[in-house]
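Asker: Residues per chain are reported as follows:
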Amino acid sequence: AQSVTQLGSHVSVSEGALVLLRCNYSSSVPPYLFWYVQYPNQGLQLLLKYTSAATLVKGINGFEAEFKKSETSFHLTKPSAHMSDAAEYFCAVGRGGNNRKLIWGLGTSLAVNP
Amino acid sequence: NAGVTQTPKFQVLKTGQSMTLQCAQDMNHNSMYWYRQDPGMGLRLIYYSASEGTTDKGEVPNGYNVSRLNKREFSLRLESAAPSQTSVYFCASIWQGNTDTQYFGPGTRLTVL
Numbered sequence: 414a415q416s417v418t419q420l421g422s423h424v425s426v427s428e429g430a431l432v433l434l435r436c437n438y439s440s441s442v443p444p445y446l447f448w449y450v451q452y453p454n455q456g457l458q459l460l461l462k463y464t465s466a467a468t469l470v471k472g473i474n475g476f477e478a479e480f481k482k483s484e485t486s487f488h489l490t491k492p493s494a495h496m497s498d499a500a501e502y503f504c505a506v507g508r509g510g511n512n513r514k515l516i517w518g519l520g521t522s523l524a525v526n527p
Numbered sequence: 248n249a250g251v252t253q254t255p256k257f258q259v260l261k262t263g264q265s266m267t268l269q270c271a272q273d274m275n276h277n278s279m280y281w282y283r284q285d286p287g288m289g290l291r292l293i294y295y296s297a298s299e300g301t302t303d304k305g306e307v308p309n310g311y312n313v314s315r316l317n318k319r320e321f322s323l324r325l326e327s328a329a330p331s332q333t334s335v336y337f338c339a340s341i342w343q344g345n346t347d348t349q350y351f352g353p354g355t356r357l358t359v360l
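If you read the protein sequences in the order shown, they are chains A and B. This note's numbering applies: residue 414 is where the first sequence begins, and numbers increase by one. This note's numbering applies: residue 248 is where the second sequence begins, and numbers increase by one.
Calculated directly from the structure, the hints in this document are not laboratory data. Predicted model only: the values in this text are computed from it and were never measured. Note that beta-carbon positions come from the ideal geometry of N, C-alpha and C, so glycine has one too. Treat each hint with caution, since some may be false.
[Unchecked claim] Below, simulated BS3-like cross-link-like pairs (lysine-lysine); rule was C-alpha separation at most 25 Å, straight line:
1) Lys514/A <-> Lys318/B
2) Lys514/A <-> Lys304/B
3) Lys462/A <-> Lys514/A
4) Lys514/A <-> Lys471/A
5) Lys471/A <-> Lys481/A
6) Lys471/A <-> Lys482/A
[Stated by the list, open to error] One side only, chain A facing chain B, incomplete, derived with CB under 7 Å:
7) Tyr445
8) Gly456
9) Leu457
10) Leu459
11) Thr464
12) Ala467
13) Lys471
14) Lys514
15) Trp517
16) Leu519
17) Gly520
[Claimed, not checked] Quick list of simulated restraints, FRET-style, between CB atoms:
18) Glu299/B <-> Asn474/A: 33 to 39 Å
19) Gln264/B <-> Ala466/A: 45 to 51 Å
20) Ser265/B <-> Asn474/A: 25 to 31 Å
21) Glu306/B <-> Lys482/A: 25 to 31 Å
22) Thr418/A <-> Lys261/B: 37 to 43 Å
23) Pro453/A <-> Ser265/B: 36 to 42 Å
24) Asn317/B <-> Pro453/A: 30 to 36 Å
25) Thr348/B <-> Pro443/A: 16 to 22 Å
26) Thr254/B <-> Leu519/A: 23 to 29 Å
27) Asn474/A <-> Ser314/B: 34 to 40 Å
28) Thr333/B <-> Tyr452/A: 18 to 24 Å
29) Thr348/B <-> Lys482/A: 21 to 27 Å
So that you can see chain A by itself, here it is in the shape it has in the complex (with noise of 0.2 Å):
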């Protein structure tokens, strides 16, 4: 059975530090892993995901992620942090093949200090 650990409920930066956000999955199958953000009071939105292509995958507003099949993982990471990046940050796994659900973990919210 997939899983999903996300470890730190909120993480807080300063203004311009490195952002790591972290996931750890656990599957039985290869899986599809993503990252969601959400803004305060809207829905959310793909920030970035891995489908078995590179293991360095590239997103918006300068995220990217790496998947680490013997780690298990695939943590967020931006190398300098914005005010703007503060929002609440949900890793998820796909379930694989045909099934369209996905397990989410329990999110992260960050927050950037001046």
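Given chain A, put chain B in place with the hints provided.
Answerer: Coordinates of chain B only, in the frame set by chain A:
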């Protein structure tokens, strides 16, 4: 292209009242979803529709019913609202494949007193 739209945006109900949350997408997507979001609990799937005419239960279906009215519309009904159903409800859709991006609506904030 409006994407995924949801109505209403806000709603307050009394315990025992019923209501229907509406969702529509104009992207010709095949699959649609209803989630609820509660603090510290992430997103939980209520119901899912793989295609027009089919629906399937998710993790937390109790107290809810759904209708996939046509390809565009997927409604969520609370027959007898309870305070435990106070939440933010999101509708989402994907075109077809299991690697496709889910597109989300703006959400409905429901309070049950």
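Asker: If a hint holds in the structure, say so; if it doesn't, say that too.
Answerer: Structure-based check of all given hints:
1. Lys514/A <-> Lys318/B: holds, 18 Å
2. Lys514/A <-> Lys304/B: Given pair lysine 514/A, lysine 304/B holds - Cα atoms ~11 Å apart, limit 25 Å.
3. Lys462/A <-> Lys514/A: holds, 15 Å
4. Lys514/A <-> Lys471/A: holds, 23 Å
5. Lys471/A <-> Lys481/A: holds, 15 Å
6. Lys471/A <-> Lys482/A: Since the Cα atoms of lysine 471/A and lysine 482/A sit roughly 17 Å apart, the hinted pair holds (cutoff 25 Å).
7. Tyr445: Constraint on tyrosine 445/A satisfied, holds at 5 Å.
8. Gly456: holds, 3 Å
9. Leu457: holds, 5 Å
10. Leu459: With Cβ-Cβ at 5 Å, under 7 Å, it holds.
11. Thr464: Nearest chain B Cβ about 4 Å off; hint holds.
12. Ala467: violated, 14 Å
13. Lys471: violated, 15 Å
14. Lys514: It holds, given that the least Cβ distance between lysine 514/A and chain B is near 6 Å, below 7 Å.
15. Trp517: Hint holds; tryptophan 517/A Cβ to chain B Cβ min 5 Å, cut 7 Å.
16. Leu519: holds, 4 Å
17. Gly520: With a closest approach of 5 Å, the glycine 520/A hint holds.
18. Glu299/B <-> Asn474/A: 33 to 39 Å: holds, 35 Å
19. Gln264/B <-> Ala466/A: 45 to 51 Å: holds, 49 Å
20. Ser265/B <-> Asn474/A: 25 to 31 Å: Between serine 265/B and asparagine 474/A, where Cβ atoms are some 41 Å apart, the hint is violated.
21. Glu306/B <-> Lys482/A: 25 to 31 Å: Once the Cβ atoms are compared, 27 Å apart, the range 25 to 31 Å for lysine 482/A and glutamate 306/B holds.
22. Thr418/A <-> Lys261/B: 37 to 43 Å: Holds, at about 38 Å.
23. Pro453/A <-> Ser265/B: 36 to 42 Å: violated, 30 Å
24. Asn317/B <-> Pro453/A: 30 to 36 Å: holds, 33 Å
25. Thr348/B <-> Pro443/A: 16 to 22 Å: holds, 19 Å
26. Thr254/B <-> Leu519/A: 23 to 29 Å: Roughly 28 Å apart at Cβ, these two residues keep to the hinted range, so it holds.
27. Asn474/A <-> Ser314/B: 34 to 40 Å: holds, 37 Å
28. Thr333/B <-> Tyr452/A: 18 to 24 Å: holds, 22 Å
29. Thr348/B <-> Lys482/A: 21 to 27 Å: Given a distance of about 23 Å, which is inside 21 to 27 Å, the answer is holds.
Checked against the numbered hints given earlier, this structure breaks hints 12, 13, 20 and 23; the rest are met.
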